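Enquirer: Protein sequence lines, in the order shown, are assigned to chains H and A. The numbers in the numbering used here rise by one with no breaks, and the one at position 97 of the first sequence is 97. For the numbering used here, count along the second sequence from 1 and bump the result up by 273.
These are calculated hints, taken from the structure and not from any lab test. Note that the structure is predicted; figures quoted are calculated from it, not measured. Errors might be hidden in some of the hints.
[Claimed, not checked] Computed footprint of chain H on chain A, listed as stretches where at least three residues anywhere in the stretch have a Cβ under 8 Å from a Cβ of chain H:
| # | segment |
| --- | --- |
| 1 | 287-298 |
| 2 | 363-376 |
| 3 | 380-387 |
| 4 | 404-412 |
| 5 | 427-437 |
Glycine residues also receive a C-beta, built at the ideal position from the N, C-alpha and C atoms.
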Amino acid sequence: MSDRAVKVLHYVILAIIAIAFVLPLVWLLIASLDSNANQSLKWPTEWTFSNYVDVMTNSKNLKGFGIGLIIAGVQSLVVVLVSGLAAYPLSRYNLSYKKGLMYAILFMTALPMIAVIVPVYKMFLNIGLLDSIPGVILYLSASGLPYGIWLMKNFMDAIPVELEEAAWVDGATTMQSIRKVVAPLMFPGICVVFIYTFSGSWGNFFIPYILISSAEKQPAAVLLYQFFGQHGSISYGPLAAFSVIYALPSILLYILSQNYMSKGFTMSGAAKG
Amino acid sequence: MQKSMRKKYMLDQAKKSVLLIPAMVLLLAFFIVPIILTVYYSFTNMALTGSAAQNFQFVGLDNYKMMLTDPNTLVSIKNTFIFLIGSLVGQSVLGFLIAYLMKNKAKGFRRVIGPCILAGWVMPEIVVSLCCLAFFDVSGTFNKMIGLLNIPGVDFIYGHPMLTIIIANVWHGTAFSMMNFQSALDNVSGDIEEAARVDGANRIQTLVRIIVPCIKDTIATNTMLNTLSTLGVFGLIWALTGGGPGMATNTLPIYMYNMGLKNFQLGQGTAIGMLLLLVGAVCSIIYTRVLKTDD
Numbered sequence: 001m002s003d004r005a006v007k008v009l010h011y012v013i014l015a016i017i018a019i020a021f022v023l024p025l026v027w028l029l030i031a032s033l034d035s036n037a038n039q040s041l042k043w044p045t046e047w048t049f050s051n052y053v054d055v056m057t058n059s060k061n062l063k064g065f066g067i068g069l070i071i072a073g074v075q076s077l078v079v080v081l082v083s084g085l086a087a088y089p090l091s092r093y094n095l096s097y098k099k100g101l102m103y104a105i106l107f108m109t110a111l112p113m114i115a116v117i118v119p120v121y122k123m124f125l126n127i128g129l130l131d132s133i134p135g136v137i138l139y140l141s142a143s144g145l146p147y148g149i150w151l152m153k154n155f156m157d158a159i160p161v162e163l164e165e166a167a168w169v170d171g172a173t174t175m176q177s178i179r180k181v182v183a184p185l186m187f188p189g190i191c192v193v194f195i196y197t198f199s200g201s202w203g204n205f206f207i208p209y210i211l212i213s214s215a216e217k218q219p220a221a222v223l224l225y226q227f228f229g230q231h232g233s234i235s236y237g238p239l240a241a242f243s244v245i246y247a248l249p250s251i252l253l254y255i256l257s258q259n260y261m262s263k264g265f266t267m268s269g270a271a272k273g
Numbered sequence: 274m275q276k277s278m279r280k281k282y283m284l285d286q287a288k289k290s291v292l293l294i295p296a297m298v299l300l301l302a303f304f305i306v307p308i309i310l311t312v313y314y315s316f317t318n319m320a321l322t323g324s325a326a327q328n329f330q331f332v333g334l335d336n337y338k339m340m341l342t343d344p345n346t347l348v349s350i351k352n353t354f355i356f357l358i359g360s361l362v363g364q365s366v367l368g369f370l371i372a373y374l375m376k377n378k379a380k381g382f383r384r385v386i387g388p389c390i391l392a393g394w395v396m397p398e399i400v401v402s403l404c405c406l407a408f409f410d411v412s413g414t415f416n417k418m419i420g421l422l423n424i425p426g427v428d429f430i431y432g433h434p435m436l437t438i439i440i441a442n443v444w445h446g447t448a449f450s451m452m453n454f455q456s457a458l459d460n461v462s463g464d465i466e467e468a469a470r471v472d473g474a475n476r477i478q479t480l481v482r483i484i485v486p487c488i489k490d491t492i493a494t495n496t497m498l499n500t501l502s503t504l505g506v507f508g509l510i511w512a513l514t515g516g517g518p519g520m521a522t523n524t525l526p527i528y529m530y531n532m533g534l535k536n537f538q539l540g541q542g543t544a545i546g547m548l549l550l551l552v553g554a555v556c557s558i559i560y561t562r563v564l565k566t567d568d
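This is chain A alone, in the form it adopts within the complex (with noise of 0.2 Å):
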């Protein structure tokens, strides 16, 4: 009886799955398998073509320990921190900013203001980097500007590019943080300001002691979707330096691809790209449960 009836849960589980079939295909094909290769290649020797391609051997950890004294993945790993620290800050505390500081500003003026920060975001990432290749460009209009001030130029792309590549992904991504910020600041209650500024509180004491704790979460799920996307970030910075000069901004994207695909190396390839994917998880799994108190 119990058994008939367990069945028959089954069969109608089942049954309402149907619709998810396709998804699931799509899902398990090119996002799952991937996963697994990525895991299974980094333990091999395989090359992406010739005879090391059909005659790969498992060669262990080795690819992670080349990695780890390899001196080349290790300038990778700390450009890649430096990029993403420098992406937080400048996107987060301008984001932030912007959205404090037009808070209770008259309507007219926020229409101008916002368009002007997301046309940023909006822009596909290559016309960005061209955009920031021409303004920081030797007699791009930054130099030219500070030119009129009568200060030397500043060669961004080959004395800077660290500072270059950080500035153009903080143009193109502070508008998500700007939204976010603004969505959590409406829902700060002005009851709850009004009562610290009575109670004395200045400026600074209400914002660090009122709003900064109101909106913790927003922080953190911004922080989080930052780091994921500042991760990924690949074509921005291979169309405006390639990952150069030297070794200057080759992050771990631009390293992984030159290593899987230029030089063939999958295996090592491999080894980079799930170093990424571990961040990547470790930062996916915070941001899902910082979601889930949210409910």
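Next comes chain H alone, as it looks inside the complex (with noise of 0.2 Å):
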């Protein structure tokens, strides 16, 4: 085969794969859109916004968004807060136990969470937290923070001490410091921890699925689960544009926090000079 011929079979298998990975999503979309969907995909007899308007006007599916968003949100702040605070120690000072800390931290980010949910459950079960938000909230907080703090301590250690130093030398407090120089410094940092922590909360199910039992407090993700779990006769156009919606918040977060990423840290120059 010449080099020109393997090329095209480069493109073409490319756009196949990509064609087979796009599919299910264009039938999401076109159905949402579709005012008579059914699971298959098809040009719509007659489009129609009335599956997004159903699923809007619902106060139970307003609910479920604010509530997904209150545990998302208030996550994402205290993983930022908390990891934030307990990266500088690790990042500036030397401490004797660092590096086995930052391993330990490490091998938690991988381990699979799921497998401590049984005792979690009955944990909550005997001090009351179970069937409640902040329950979860601290549940999930704990679970993202090891990375939350791996990802930290590694932006953090991207800005030069001699930043900090002439903050010292004005009389600033280690708190002053931080709060002053280091974290507006490694702001598009502090927003990518923040973004990814908000997205894995926003699209995680198990959790609140397992710890919530109230119908009135579960979050988006557990009721979509409901909407098409219990089966049976689904109607496909709202369940179609109930999850276009519930998918928004982590497109666009991605997509800002790849902005972020290419941003870059080039902070090293600014000790030169």
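With the hints as a guide, bring the two chains together.
Expert: Below is the structure:
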């Protein structure tokens, strides 16, 4: 085969894979705009926004989105704050246990958290945190912390200590130096941790599904599952519209995080000259 | 003298650790304690509620013995293994293939293909389940497409449930492998490839002898991370098949959930959790080891 033929073949294979990957989502998008959607991809006889209107005028759905936002938002704030504080000594000080702790944290980032959900359920049952949104937030925060600390520490390492020394000379305390010097400089990094935690939480299904039992406290992820999980007759149009709305924050946040990531950390030059 | 210096050093270390306290408290309460409880409960006959929730006893290795003689557990282990291998092979091979083929292609083309693959990864897992449920339905898009080619329809969800959840997981996870391999391939020096080609190596030889050895660390970390995330898959399967039909897609997380929280057998549920935790810990250690050689 000539080089040209090989290259054409590559393009064809990639195009086929990409089409196969995107087809289920094309169905989702078109079904959400179809007044008579079914499970198969088809050109709608009548295009409509009524599926979206149905979803967004249902107070139960709105509440589900709201609860999802609260869980994800508060969890992300907790993770950013707590991991940001924890990253400071790990990045700046010479601690005797630093190396061991960093390995332990890296180890924890990779553990499958579902493995401990049964004792967590029992623990929450005993201390009265079962079926409580703050309980879910606490648990999600803790499970998001190892990765948050790991990222924060690496972002903080990229900020030269010299920049802080200037603040210390002016008499700033550690907390002032973190707030006024470190945090603004690593703002893109903080955003990355926030976005990463937020979309992980927004997409998480099993923790609220297991730890929350009341129907009125379920976030959007669990509501979506309940709509089609019971099988029987499914109305695909509204279901697809709900899914598109629910997936939107994940998509937007991913694009946003790519922006922050690509800006990169070019702070090392700030100490020179 | 030495003692006071040591004391001063300890005091200094403690002072420097203050900012770590909130993180350590949270991790201890909701991460470390549950792990310890998993170990502890797995040696008891504790039930979730009722009298056996208070009056439980140590039963030694009974839960583990029961686990290894219970045919359902063995089926779950087998299912988890098939799901794991299928997902790993699918995600890595497809992810590598896409990354490899995308290298040195027109930028505009890459800009279109990349997001198509990423879209399945960015989707929340319940949306992935819904899309696959519709796509592979008896009268879904896939069957309609092969119907146009006069190929008889396939009942994926009930006829080939394991294949369906593997495809769903591959769809969801391939982009992660693709990105890992893309950045690894970017770091393979073009000079080495060029030199191999000048020496008369063909495309396949260059791939196997030059490129694969260059990215072997990425292959290792990618495999470990995919293993860990696949072991933890619950919602995707739960929403697609519910672990069924029968036991067909009952993996360890699903079986653990049913045993511990549906049948209220906490001891046996946590014993299954221990199995997951141990496999996870081994993979996690291998992963941190591989990363270490990077430094």
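Enquirer: Take the hints in turn and mark each one as holding or not.
Expert: Structure-based check of all given hints:
1. 287-298: Holds: 8 residues of the segment 287-298 of chain A have a Cβ under 8 Å from chain H.
2. 363-376: Our answer is that it holds, as 5 residues pass the Cβ test (under 8 Å) against chain H, meeting three.
3. 380-387: holds (count 3)
4. 404-412: holds (count 7)
5. 427-437: violated (count 0)
Checked against the numbered hints listed earlier, the structure breaks hint 5 alone; every other hint is satisfied.
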